[in-house]
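*Asks:* Residue numbers (the numbering used here), protein chains in the order written: chain A, 1 to 291; chain B, 1001 to 1280; chain C, 2001 to 2361.
Wrong hints could be hidden among the right ones.
Unchecked claim - 30 Å max Cα-Cα, derived DSBU-like pairs, lysine-lysine:
id: 1; chain 1: C; residue 1: K2176; chain 2: A; residue 2: K188
id: 2; chain 1: C; residue 1: K2269; chain 2: A; residue 2: K188
id: 3; chain 1: C; residue 1: K2330; chain 2: C; residue 2: K2316
id: 4; chain 1: A; residue 1: K205; chain 2: A; residue 2: K95
id: 5; chain 1: B; residue 1: K1111; chain 2: A; residue 2: K205
id: 6; chain 1: A; residue 1: K188; chain 2: A; residue 2: K205
id: 7; chain 1: B; residue 1: K1018; chain 2: A; residue 2: K95
id: 8; chain 1: B; residue 1: K1018; chain 2: A; residue 2: K205
id: 9; chain 1: C; residue 1: K2026; chain 2: A; residue 2: K95
id: 10; chain 1: A; residue 1: K9; chain 2: A; residue 2: K95
id: 11; chain 1: C; residue 1: K2026; chain 2: A; residue 2: K188
id: 12; chain 1: C; residue 1: K2176; chain 2: C; residue 2: K2269
id: 13; chain 1: C; residue 1: K2176; chain 2: A; residue 2: K95
id: 14; chain 1: C; residue 1: K2328; chain 2: C; residue 2: K2269
id: 15; chain 1: B; residue 1: K1018; chain 2: A; residue 2: K188
id: 16; chain 1: C; residue 1: K2316; chain 2: A; residue 2: K188
id: 17; chain 1: C; residue 1: K2330; chain 2: C; residue 2: K2176
id: 18; chain 1: A; residue 1: K9; chain 2: B; residue 2: K1111
id: 19; chain 1: C; residue 1: K2316; chain 2: C; residue 2: K2328
id: 20; chain 1: C; residue 1: K2018; chain 2: A; residue 2: K205
id: 21; chain 1: C; residue 1: K2269; chain 2: C; residue 2: K2330
To be verified - Computed footprint of chain A on chain C, listed as stretches where at least three residues anywhere in the stretch have a Cβ under 8 Å from a Cβ of chain A:
id: 22; stretch: 2073-2081
id: 23; stretch: 2103-2115
id: 24; stretch: 2176-2182
Simulated from the structure, these hints should not be mistaken for laboratory data. Keep in mind it's a predicted model, so treat the numbers as computed, not measured. Cβ atoms here follow ideal geometry from the backbone N, Cα and C, with glycine treated the same way.
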Amino acid sequence: MDKRPYDNKAWLLVLPVFLIVAISAIIPLMTVVNYSVQDVLGPFQRVFVGTEWFEQVLNDDRLHGAFLRQLIFSGCVLLIQIPLGIAVALTMPVKGWQSSLCLVLVALPLLIPWNVVGTIWQLYARPDIGLAGVAVNSLGIPYNYTSSAFDAWLTVLIMDVWHWTPLVILLCYAGLRSIPEAFYQAAKIDGASAWAVFRYIQLPKMRRVLTIAILLRFMDSFMIYTEPFVLTGGGPGNATTFLSQFLAQIAVGQFDLGPAAAFSLIYFLVILLLSWIFYTYITHTDREDAR
Amino acid sequence: MSTAKGPALNPSTGRFRKRHIGLIVYFVFLLLPIYWLIAMSVRPNQEILSGFDLFPRTITFANYVTIFTDPSWYTGYLNSIQYVALNTLISLSVALPAAYAFSRYRFLGDKHMFFWLLTNRMAPPAVFLLPFFQLYSTFGLIDTHIAVALAHCLFNVPLAVWILEGFMSGVPREIDETAYIDGYSFPRFFLTIFLPLIRAGIGVTAFFCFMFSWVELLLARTLTSVDAKPIAATMTRTVSAAGMDWGLLAAAGVLTIVPGALVIWFVRNYIAKGFALGRV
Amino acid sequence: MARIELRGLAHSYSTHPKGDADYALKRMDHVWHDGGAYALLGPSGCGKTTLLNIISGLVIPSEGQVLFDGLDVTRLPPQQRNIAQVFQFPVIYDTMSVFDNLAFPLRNRRVAETEVRARVEEVADMLELTGELGRRARGLTADAKQKISLGRGLVRSDVAAILFDEPLTVIDPQLKWLLRRKLKQIHERFQLSLIYVTHDQNEALTFAQQVVVMSEGSVMQLGTPQELFERPAHTFVGYFIGSPGMNFLPCRYEGGAAMVDNQRIPLAKSVLDHAPHRGVPLEIGIRPEHLRIGANPVNGALPAEIAMVEDLGNFKIVTARLGRHMLKAKLPEDDAVPGDHGWLTFPPDRTRLYADGRLVA
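Given the sequences, and given the hints that come with them, work out the whole structure.
*Replies:* Here is the structure:
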């Protein structure tokens, strides 16, 4: 039962946030809507075109390609990062300076500007001067992410694993730390195996943080832009052109404002829909827990 | 019973070791790229291009000297730090009262408002690129620190509200009621009693605001050209310049990691707690 | 069901304990009988939970041995000791049904499914959980969850002892009583050894046959509730047990009586037979229930000022000043309390003498 008092004066406290987010979200979004249904012919010449841009964008083969690549990429990101994050969180030391050190080291990639992440991997993976690039080639495996589509794709994926698995680790680690010692003690007395402890204690207690980890990793990988932009520039060919790169290409590269705006809206709505599903799922399970 | 003792204990110690090998492998994977960046940053460019070496043969700090003496480099850092600090300040000061409202009251449209705020955390920055540019051009704010700081509020304010609301809900409502009965006005109660109670939460929030503003480049680069250009953008210029100076680039990269590393070190004990609320 | 023996047991959490202060549990030797109901009672941080965890095997003691029925189990892991433990906060497996929760310890031990079913149903019936068997354990109330924790212990047929670590902390007061009665029933029916950790003296005194009072890592006294009340072995026990606690007055020993500020308080003959050593600080102790207050001087009574009278419903607590010392007396509701001055009587058979904190005789 929610005991909070009902008071519309609370709106006064929310107002600053509302204004600032309205300025940075609603007004720009209106502009986008505006562009998406108009054709800009000159500074003062605009024509209402209805859904034409939407149709054009939705029928664009390049978009289909980018969308497919995006889905596969985000799927791979989740399949690798979530299990890896759980595994590392389970093995991290839990107390003493070792635990502080591990936490700081793990969090490090999260605080590196995204383009610097691209730069680091550029330096690291180049087949002529990069440690990883040279090492892989010296094993007799030809590897060059600037010319091979597969290598480029793989490099972007590994870079993302390097960059973002720490977020999953920290979330899981925090989730694990919130389990009272008594649960492990009871499991010991009940004769539970390590697997049973994981399956029936750790995994259920991590459910909430895992939901959030999956949500964040899915959304953020769905919006990935800067790191592959620096590393591969979307190439070779279109191998690493994901949705945001594609959008930047048509908006900034070709300056096709109408299609870009139409595409932006579709993009935003897809993400909105997914986050709404997640949000209702989380609040729903929260309520179930409270019961 | 005593015979069962041996086998029962040994597998657990064996597993202990195997697990730790996995952890070490992960940390090698994590730290090698950073090691390589640092190694590159202390080598002269000719050495980088002339051949491959696991360890630098000659160590030089020339790249760092260049960055610290050339204004076109070091102003980039100052710009970044300025707009990040500004953003953290704005985000916290507007998010604190709002988070209090969400944690203590019900009001018309509260749930929708909360969800709408969160959707902005989920909005792809690429979508806002063009409209932001136009909006800030209209107000003549392009190439100012405040423009970037405001733009980053798009994702940092909702985040701050979310994290703070979690911490505030952990403070019993009775404390508020007692303070009001004791005759505290709302501002005085909020500043002198409530805020000290959620110190840790404010620290965690500031950390995340700092982090997300510091790592973002797309918006920061689009909204600036010279006067407020972030360090990360300065780096991309060098990449496109003729004759890539890898050593200098690496040194600049190392220096972008330093502020983040310092911030983590200071909040290391709070990070786990902030994440435990599952609100990032 | 087992007799539990602690031999030279001591435990320190630091790897190189230097002095007594480094020990969470100081050296002790005890034998606890099969089928007994024991309570470990003491304030927070007295080492009672450490002792419980050593018995259950969650903590391996740094010194000494634990024996179950004469068998050394000191280094056996908890799952091989056949004990069950119920914790302060309910531990249940959220994602499982009540049935699966109860079946969990049996399934981990690869018991045949038909037997699992039979045992679970029997235990559920005993704990009045039969109606909840199909439900998810997560949505249940705290007391039902504690019953499940208990049931996971009872479900094993070979269980030697059940250990409780303040299990009623999170239970509503009116349900506490029901749950405690259930525990007693189960104890009587199965003659299990029960060890019950608590800091609540009422809980300990009503539940246990034998109470182990602990303080700062040592056992101060092991005895029946009546013994603890009548003959506290240590001033700590006297003060900790009872409400209000025992009165203590520093005294000298002189010619067969205790002298408090030159006032003579007679002692029982059994005490006099064990004349205490010289040079040891002495105190006399008397329970507030045993201290008598009269309006008129009778033989051997001491004059005192009445400082305060608290009426607590079915009894009164009188605070009296004897010289420099304050004493409390607990009187029945109907007893008359003298006005400002009264006369205190210390019945010799109820007055105890303590040397350096320990009971004499």
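*Asks:* Does each hint hold? Answer for all of them.
*Replies:* Here is what the structure says about each hint:
1. With a C-alpha separation of about 27 Å, the suggested pairing of K2176(C) with K188(A) holds against the 30 Å cut-off.
2. Straight-line distance between C-alpha atoms of K2269(C) and K188(A) comes to about 54 Å, which puts the hinted pair past the 30 Å bound.
3. With a C-alpha separation of about 6 Å, the suggested pairing of K2330(C) with K2316(C) holds against the 30 Å cut-off.
4. Straight-line distance between C-alpha atoms of K205(A) and K95(A) comes to about 20 Å, which keeps the hinted pair within the 30 Å bound.
5. Simply put, K1111(B) and K205(A) have alpha-carbon atoms about 26 Å apart, close enough for the 30 Å limit, and the pair holds.
6. Distance restraint check for K188(A) and K205(A): the Cα-Cα separation of roughly 17 Å lies within the 30 Å cut-off, and the hinted pair is therefore satisfied.
7. This hinted pair checks out: K1018(B) and K95(A) have alpha carbons roughly 20 Å apart, not beyond 30 Å.
8. A hinted pair counts as satisfied when its Cα atoms are at most 30 Å apart, and K1018(B) with K205(A) qualifies at roughly 25 Å.
9. The straight-line distance between the Cα atoms of K2026(C) and K95(A) is roughly 27 Å, inside the 30 Å bound, and the hint therefore holds.
10. At roughly 46 Å between alpha-carbon atoms, K9(A) and K95(A) are farther apart than 30 Å, so this suggested pair is violated.
11. The hinted pair formed by K2026(C) and K188(A) meets the criterion: a straight-line CA distance of about 26 Å does not exceed 30 Å.
12. Under the criterion of a C-alpha separation no larger than 30 Å, the hint pairing K2176(C) with K2269(C) is inconsistent with the structure, at around 44 Å.
13. Annotation: proposed proximity of K2176(C) to K95(A) is violated, straight-line Cα distance about 36 Å (limit 30 Å).
14. Distance hint between K2328(C) and K2269(C) is fulfilled; the C-alpha atoms sit about 25 Å from each other, no more than 30 Å.
15. Of the pairs offered as hints, the one joining K1018(B) and K188(A) holds, with about 21 Å between alpha carbons and a cut-off of 30 Å not exceeded.
16. The hinted pair formed by K2316(C) and K188(A) fails the criterion: a straight-line CA distance of about 50 Å is larger than 30 Å.
17. Distance hint between K2330(C) and K2176(C) is fulfilled; the C-alpha atoms sit about 27 Å from each other, no more than 30 Å.
18. At most 30 Å may separate the alpha-carbon atoms for a hinted pair to count; K9(A) and K1111(B) meet this at roughly 16 Å.
19. Between K2316(C) and K2328(C) the alpha-carbon distance is near 10 Å, which keeps this suggested pair within the 30 Å criterion.
20. Between K2018(C) and K205(A) the alpha-carbon distance is near 40 Å, which puts this suggested pair outside the 30 Å criterion.
21. A distance of roughly 26 Å separates the Cα atoms of K2269(C) and K2330(C); the hinted pair therefore holds under the 30 Å criterion.
22. A count of 3 residues in the stretch 2073-2081 of chain C with a Cβ less than 8 Å from any Cβ of chain A is obtained; the coverage claim is therefore met, three being the minimum.
23. Residues of the stretch 2103-2115 of chain C with a Cβ under 8 Å from some Cβ of chain A number 4, which satisfies the need for three, so the listed coverage holds.
24. Counting residues of the stretch 2176-2182 of chain C whose beta-carbon sits less than 8 Å from any beta-carbon of chain A gives 0, not enough to reach three: the coverage restraint is violated.
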